[in-house]
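Chain by chain, the residues run as shown.
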Amino acid sequence: MSALQDRIFAARAEGRAALIAYLPVGYPDVDASIEAMVAAVEGGADIIEVGVPYSDPGMEGPVIQEAMDVAVRAGRGLPDVLPAVAAVAAAGAVPLVMSYWNPIERYGVDQFADDLAAAGGAGVITPDLIPDEAAPWLAATDRTGLDRVFLVAPSSTDARLAATVAACRGFVYAASTMGVTGTRAVVGAAAGELVARTRLVSGDLPICVGLGVSNADQAAEVASFADGVIVGSAYVRRMLEGQGAEGARALSAELAEGVRRPGVRA
Amino acid sequence: MRPEWPDATGHFGPYGGRFVPEALIAALDELTAAYEAMRVDPAFLAEFARLQRDYTGRPSPLTDVPKFAEHCGGARVLLKREDLNHTGSHKINNVLGQALLTKRIGKPRVIAETGAGQHGVATATAAALMGLSCTVYMGEEDTRRQALNVARMRLLGAEVIPVTTGSRTLKDAINEAFRDWVTNVETTNYVFGTVAGPHPFPAMVRDFQRVIGDEAREQVLERCDRLPDVVLACVGGGSNAIGIFTAFVPDNGVRLVGLEAGGDGVETGRHAATITGGDPGVLHGARSYLLQDDNGQTIESHSISAGLDYPGVGPEHSYLHDLGRAEYRPVTDAEAMEAFALLCRTEGIIPAIESAHALAGAMKVGRELGPDALLLVNLSGRGDKDVETASAWFGLGGHPAPTDADDRAVEAGRGADPGPGLDTDQQPTEGAVTSGEAVAGQDAEEQA
Ligand SMILES: Cc1ncc(COP(=O)(O)O)c(C=O)c1O
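Listed in order, the protein sequences are those of chains A and B. At position 122 of the first sequence the residue is numbered 122 (the working numbering), and the sequence of numbers has no breaks. At position 124 of the second sequence the residue is numbered 124 (the working numbering), and the sequence of numbers has no breaks.
Keep in mind that the hints were calculated from the coordinates and are not lab data. There are no misleading hints in this set.
Some but not every residue of chain A turned toward chain B, in silico, with C-beta under 7 Å: (1) V72; (2) W101; (3) R106; (4) P127; (5) L151.
All of these numbers come straight from a predicted model, not from anything done at the bench. No residue lacks a Cβ here, since even glycine has one placed at the ideal position from N, Cα and C.
The following block holds chain A by itself, in its conformation from the complex:
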């Protein structure tokens, strides 16, 4: 009963990890961002994380901040994700929203859950909402059947890993390093260790890894121990460079090859 989990299991059945692409809606403008999302799907992304522009994105590094800042200054926000979600669904990928908490609270927690479900959205990643503070969100997602993805980090204690995984539906987002989003030269050992610790308590729930993955080799490396590979800043960088939808399509194609490398999955 989870669109995200079904898609990740389908990838697993093909002997590969799922590819999850992040793009913020509204950069460089709403239409162009939606075109880039569709192109990322056509290039091979299984799931699109539709980013909500937010004025104070505390978990983002400079690349995503720069794109978000443009979108925020243009007046874009949570309502703009709904058409993006519908377009991603029509293109055949699973649409997942990534939003800081205040835009959702401002929109109305229940109203947003209803509108997102109606637009065909699968669920939401909430980077600054921990399950401890999420009672209204747990209720709204239970009522509408939306997936809810919380984060675990290398610093999470075993008790917090267990509690967070128990609150997730769809998958759990394992932040590969201590830090903000951005491309990194290497994916550190912490990612593998965190996934291994999470596996001890996650049962059937897929584990997807994000933060720092930017190329096919890193995607292949992460695919060897995780169920999904999340790539954000590398897509956004191509947008900032003006590569537009073709840049997103080409990056998806590269990464899709990475998550399919033979023998990467045990």
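The hints should help you fit chain B with the ligand onto chain A, whose structure is shown.
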């Protein structure tokens, strides 16, 4: 007596809590546990008391200001002199506590955000004293209007990083500090400057700042044989206000009034009056009132005072507001600058522009209550850092034409050339003290 709030997970009624990435939860838990142990540890209490006395210069005095009080409807006005603390504001009270906590958890580096620069200076000072390395994030706009404090921090050995994202003020400096913290949390403690942010900061900073009200309550009782009718303080994030309010919260007959930065006027939309002009939401790790638009984007605040130029406010203030225990009122730039000039000329005290908002509040409330009223005002800081801004506001001579020596000092402090006086485009608003009046030292009576 410690207030019965927050609860064990940092909630003040519906406010507060922790809205941060999971990666920071372990560090916040560590801080909470270490702080709970430290705050009842006699060795810490003795060391903290020693530093407050011998280093900060506590207790800070209580000053009767009868000539200024003539402009406050003739009420009696007492100033709690946090401006006389070492480093020039109340910020040092909190920083010494958090620096001792940093030593206790064994981290060699501290980071801080700063708006007016007073918290940055205080943190740089404590870091120098205790041998910690120190990085301060400051909005680029604030590095210009508070250039003196940038130079002070650098003299004290701190690294000052101008923040160029977003509105380039305090809110963005906080974002950058959190990003640094999540990346370097193994080695670094975040010394937060006000009663906002995720649990445990609002409660911990309150505990470190409550000395202001604890002392003042005793001092007022001793001097006046009664409690004040009203306690007033400016509210940026709210630490000096919580600091002076806390001792009086159980005294139901004492009105608590927080003065928010009204900027050009709340009705213009260009202000920083978070409780007056905002509504509840989540920012910087806690639920509280904030200035936001329909999409939940934080609205950029505006104030002549860098230390009040913040679109959020500490959760305990939101709670005290909703409970009806404290009142929050806006004070415009012009009203604050009028009070600033008055205190300078009537009492020989140059206040911080932040604190001038509290003084302007006393002028209003005193006129409402009349001569029988007893007002206690927190003078949270001194105005040395604001001399450039005030000179520009009042159009005083010699500005903005820095000497060569000034130029060099400015270069050293800012590391870039932001040009003279940020506020050269600002004009006194109607009702403010004009430059002529300010220079001439117009007779106090004529102002009333
Ligand atoms: C002198 C002074 N007063 C007040 C403030 C505002 O902070 P808070 O509301 O936390 O006291 C500042 C902040 O920089 C300050 O320097």
